[in-house]
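Build the complex: two chains, separate frames, hints provided.
In order, the protein sequence lines correspond to chains S and H. Be aware that the first sequence starts at 23, since it is given in the numbering used here, and climbs by one per residue. Be aware that the second sequence starts at 17, since it is given in the numbering used here, and climbs by one per residue.
Simulated from the structure, these hints should not be mistaken for lab results. What you are looking at is a predicted structure, and each value in this text was computed from that prediction instead of being measured. All the pointers check out, no bait thrown in.
Below, in silico cross-link-like pairs of lysine to any residue (SDA-like), each with a Cα-Cα straight-line distance of 25 angstroms or less: (1) H:73 - S:48; (2) H:93 - S:96; (3) H:93 - S:80; (4) S:72 - H:51; (5) H:73 - S:51; (6) H:93 - S:33; (7) H:93 - S:86; (8) H:93 - S:48; (9) H:93 - S:65; (10) H:73 - S:96; (11) S:920 - S:832; (12) S:72 - H:55; (13) S:72 - H:57; (14) H:73 - S:86.
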Amino acid sequence: MTGRMARRTAPVPPLARWLLARAARPADRASVLADLEEEAATRASRDGSKAAERWCWRQTRRSILPLVWQRLARARAREPGDATSFLPTRLWSGLATDVRHASRRMRREPGFTVVAVLTLALGIGANTAVFTLVNAVMLAPLPVPDPDRLYRLGDNDSCCVNSGLLGDFSIFSWPLYEALRDATPDFAALAAFQAQPQPMGLRAASSPAEPVLTEFVSPNYFDVFNVAPLVGRIWTPEAAAVDGRVPIVLSHAAWQGRFHADAAIVGRSMTLNGRPAMVIGVMPAGFFGDTLRPDTAEAWLPLTLEPLVEGRNSLRDTSDANWLYVIGRLLPDASPTAESAKTTATLRVWLPANLPLTSQDRAALPRQHIVVTPARSGVATLRSANTQALFLLSLAAGAVLLIACANLANLLLVRGHARGPELALRTALGARRSRLVREALVDSLLLALSGGAVGVLMAGLGASTLVRVAFPGAHGMPPASATAWPVLAYAVALSLVAALGFGCLPAVMLSRATALDAIRGSNRVVGDRGAWPRRALVVVQVALSLALVASAGLLGRSAYNLQAQSFGFATEGRVMVGLDPSLGGLTPDELPPTYQRLEERLSSLSNVRTVSLSLYGPMVGNNWSSGIVAEGRPASDRLGSSWDRVSARYFETIGTRVIRGRVFDARDTPGAERTAVVNERFAARFFPGQEAIGRHFGFRTDEGGRERDFTVVGIVADAKYADARDVAYPTFFLPFFQDVPFASGAERSMQTRSNYAGDVELWVHLPAPGLEGDVRAAIASVSPNLVVRRFRPMGEQIAGNFTRDRLVTWLATLFAGLALVLACVGLYGVTTYSVSRRTRDIGVRMALGADRRRVISGVLTSALVQTAVGLIIGLPATIGAGRLLREQLFDVSETDAKVLGVSVLLLLAATAIAGAIPARRAASIDPIKALRSE
Amino acid sequence: MAKGDFLGEFELYVLLAIVHCSPEAYGLRLRQDIETRTGREVAIGAVYATLGRLEDKVMIRHDVSTPQPIPGGRARKHYHLTPAGERALGHSTQMMRRMMLGWPTSRTARSRG
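Bound conformation, chain H alone (with noise of 0.2 angstroms):
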């Protein structure tokens, strides 16, 4: 496997954010989800600048959603992943499950609050 195909922590949290918001995946939706999940402020251009990587890498990809229906309202970017991501996301959180394995769940939760 080539050294581009592991996942940095923030794109593992961009690309888990966009299977759970799909299909209202967009910049803003995505944001608001890994800051609730978190707890953490997370910058606007963080998020995008992963989005771009991830879209340079070939693991998502993006359709151009109809403008909303009132003044002013804005065609959206939706994010999806591709099989490149799928697989890469399958692999990493994999991988972290297995290297979480014997380790306690409850002092991860302590350690955070």
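In isolation and in its complexed conformation, chain S is listed as follows (with noise of 0.2 angstroms):
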């Protein structure tokens, strides 16, 4: 041996020699192995031996395939003594006879395997469908080629223009991102887009004009995404002017929903917020852009041409105004360390040399810093914005998951209590536990993947659904596809998972059948062994369902409160107008005229009552807000309040109540004297214990003195604008072009910019039919080139703002409500099943005289019974829940008691009814027959 051993200095690989051993069958195992080195040994002399190792591999890969094959096919011939014993025994052998029974068994068995399926289906389903949406919201690549090399400078969202020391930057203003951009040698192109789309007037030859979402981005932008037109071209690296004109670049879906994909548009004459603009090319259908948000950029504008499109309201030369987000590819060799240290490095020699620091400023220096971040999935606004919902959402699904899985665990006690008898004769014959406990486990794994197959299916159906109620009138969103391979493989996942989970504990239960139970029989019980297992599983339905059902209905409460609490303005016939802010490029001498024409026209409309505008209106999204100096107070006290434009009869057109003073009229003019209407936590804040009316106060700006801008002429109700949860804000109004000299250019464009109305609200008689038309004929009227964003009903406008609470709410009462059925099966089957044990025990006691009420309360009292244990086990879980919940929950306790009463109210009488039938069942047992059944 030794000898032999001395003489293996032929180059086989052990692996290979091992692979071999294995592969090949015993009797020729020592041919295969002498015949590989003898003719290794010849080669490596005459190749060498690196040659001689590699024509080792190569046989060995070859040879395992036919080896295997054969060894199979005398398996199946039957061959005795040679089966697959290359595999570990145990696990191999007789696995495919189990693959086989099992699906026999199923087929056998159609009523169980459907429900089980079914149950099973729902379970995942839930879960898929919810994790569908986290695939698409959080976790899949923006859809472009290579998207791991794109980086972001900055890791968090701080829309949309901002100024000062931002600390962690994030945002940028142009100057910044041309000096970042020419720092950063390591990005192979690094580009700049506005953080949020803005809508602008759009409109071909004669036709009105249209909103188009538009976002200026730098001329390089489709170079870091590394995607090429579908028609037309894209922008040169200057992206200049053509003759004058804008060069547009178009998104698919635009390009498709507003010129029916019309080539010929590429090169068309037309305007943008009334500029000469034309389309030079259209983006391939699925590119979106930088962010997936439910209005992504239909049209990309360069940003070079910024200040020609904007004119006076220009952003981009501003150093101070940062308002671009930052995308770049990164070379392979780069690392984003060493680009967030160069990117901090930049910044912090930039800033003190561009813009006019404090010596406060100064020392937070070193504080400034960017944080380069991966992007593939583009910037992260919709994920940060959806993430608790989702997270909650996913746990309400596993909790639906798990109580099919408890339910699962049931049926297959329950089967394989019926199957008792055979099990018990097979290990009365011999048969290992191991190999009974793996034939369950392989009953449940068929089970589960079948589960997990029709549940994919359900959710692929659900996803597209759930999209949409997420995320209404999203014209931009990509469909959510239940088919991408990570949802596949945690569907799979999620079924391996869900296979243990309810099969482990039948398993070990069922195979601990003794010889004793094959003598005894099946049906006289004296002690019922599985019926401890089946009722806890029962028990923990229940409580889970009681948090699922109290969950659902803290959520449902929660919504309700959103939308029927008091604004403080009226919803009943009011109406608002979205107006494109620009107002179709109207200078700022044309805003009085046209605001006089727009109040006639559409005063003169049958059935409207009143209408006023505003830079905003309610709950339209948008806020406002400066620092104010009070008069009486001290300069330090650094307070501020949001604020708003509006015209003459807008407070009685919103309906908010005027509780002192009065509102704006014919006197407030551009030249008399400077006025505000604040609303009443306005007053209390900063005129605190005082009359606020004809007080002064301005806004805060480094000119000092300027607290006496505007003199406060009324005092209105509170009312919400922005954030629904929250109090309404300090608020003061002010009218229409009267217009504080400030000194400052920054100051004086924001206020050139605030008397721009966004919105026109209309208070209407209702009915009134046809009302949409006439408003858009009128303000087309005024000037074709203003452009109407939305026409809604206030109450419409309203529920807009809770879309994500009215689809948390519907998932999870769709969930409680899954869960609800799936614990009333469960009990039902755990019921029926003792009963139909019990038939003979029962027949023998009516036999003795038991009338049938005390039959039925017998076995109701049992299924009421573990229904109260889970309730009291699920009353500490469901205040759990209540507490991860807090956070969306408006105006209701998380322990409200209403809510959990009726929720305990309502899974008593469910599980009441699905005790009962099998009750009546038991009632109406047949003693004689009974007695006969053995």
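Here it is, written out as structure tokens:
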């Protein structure tokens, strides 16, 4: 032997030897290895040992399949003594048989199989649907080539325009972007783009202007994402205007939706906010830009031409206006950490050189930094906004799956008991316990995989609905696909976990069958050994169901409270008309006559009672706020307030109550004394304990001495404008065009922008048929460049703020319903089974004189006891769930007694029904038949 | 004739190689013979798998040689055709020849090249 070992210097790699030895049948093993060694040795001396080793590997690779195949063929031919011993025997032998038997059992009991597969499909489907959302919203990469090389400068969302030192810089000004771009050669390209797309009026030829969501992007934007246009071209690096026209790149959705996929659109002249423009290209379908959000950009404009488009409102050359996000494509061998350091260094040099910094700012300079973060999914706006809701939904879906598993475990236990005699007999004949456990687990696995497959189908149907409900009116949302591979992988993994979850307990329980059971027979129950775990499973289901039902109840009440609360303005008969805030490119001088004509035309419509204009209306998602200096208050007090500009009949039109003083009227002309109307919270914050009317305040600026700019002339009731969950913000209202002679350009420009009305409010007589068409026509008759962005009754406008709350409530209710049904089915199953096991026992009792009522109450009590125990255990779980929900709840306590009480009653009622059916059946047992049943 | 009596292409090669190499027809030699004649690399595993199959069909049998007279020299399995194997081989080659009638060999050669 040692001689052979010594000779074995031939270069046969040990792993190759081992593999071949496993694969070859024992009779050939020695010959195969010897042949390989012999020839390898010859080859080593002829071609060198490296080549010989390569040959060995090639031989091994090609030999394994034929050898294994032959052995399997032999095993199938039942050759004794040479089964498939190259695999661990216990795992392999009979596994195929188990699978075959399991599928045969599934076919033989179609009722059981359908119930089990459906139960699992509901559980797995719910989870997969939620995961589809998670995947679409949070995990899926941008649909561009090689998204893993995309990195973003910055790691937070600080939309939309910020100034000053931000600490953690994630949003940048154009000059700062240029400095960063030039300092980062390790980015193949670094693009800047507007943080939030904005609507502009796009007019092709003679049709009225349509609102199109536009986004200013640097000319290299498409290079960073490495996407080529479908039609036409993209900008050159300079992105210059073409004959004075702004070159626009359209999204595929906009091209299809607005221009009917007309390829001739490229090169056609149009106007953008009244300025000449032309479409130069269309991006391919699927590309939605830098950020997944419900309203993705429909048209991209070059940042280089932003001053041409925005005119006096241009932000591009303002060093202190941070309004751009930056994403770049990092070169393969560059590290994000090094880039963070490099960009941070550039930032700290750039800031003092370009911004007027106070000494305080200079002290804060070392804290200013940039974090370079992966941006394979783009900017994370949608993700951060939905994380909490998605997390809660995942929990709810997880609970549904748990209940489904508990149910399945119960079904399997019951079915297993029916097979008790068979199992006991097999044990008596010497079947190993591990073998029985494995067989039961294979059963579970097969069921779980079938359930998973059906669940994925269900989720596929549900997911697109889910996305539509979650993001209503989302035009640019890519379809969420339940067949994306992460979703499928998730579903398979979930099925496996579920199989273990519901399969383990029954598998172990059933394998305990003893030979004694075989002798005893199945129907002679003395102690029902399976009863305890079965009841425990029902208790778990009831407890989880209570938590889900109560959570759904809390969310439902909260959603109702949110919408039904008193907002401080009226909804009945109120209509909001959103205008594009640039008003089709009107100059400030053109505004007053335009507003006058708008009010005249709209007031003259039949059914319209009053008309008003505002910078922004309530609950439209807008909020302007500024620092305030108020008369009689120390300058050090750094309080701020929200503010709005409104026309004369505004408060009457939206139905906000005037508390004291007056609202705006014809007296408040541009030249007159500057007046303001404030809400109660404003009065209480800035003039506590005093009469606010007649007092003065102003914007806090660097100029100082501004506290006499505005005189308070009236106080109105508080109304919610931005956050429906919060109390109303302190707010003051200014009339249009009463301008303050600010010294600073930034303040003047902000003031100018505030004179552009974004909303028109109408108070109408209901019903008002054809109102929308009339309003649109009236507005178009004032100026064809004016863009109506939306036309919505106030009720709808408010409801639009709560779509996510409604989605969460809707899903939670769905999940709670599923849970309740599953729990009832579980209880029903257990009770029915225990009745059928005790048929003889009940029969004997009835023969001995027990009456129907006694029998019914006996069965029902046992069912209700399980429910009661479940409810008691479920209460702490429910309160825990409420805790998790606290942030989502509005105006309802997480331990709301009414919701809890109703949930408990609901469960009791449902389980009572589930228990009553088998109880009645028990009572109708014929004693004679029962005794004969053995 | 039962279905199992037909020879697969590789089975035919192995049977022919046994005839060619006899009496030194053992695994290594068979592999090399097929490899040289067909010009394609043949895996040891494929040869042994086929030998096993042919033995199951009782077309071949083997005897074990005395160990080689060198240190560590091993005993080899030498394979021989059984009468059934000879019949099957004869039958298959005859069928092949009949089927090949009228097929210009040069064409085969060209397509090989």
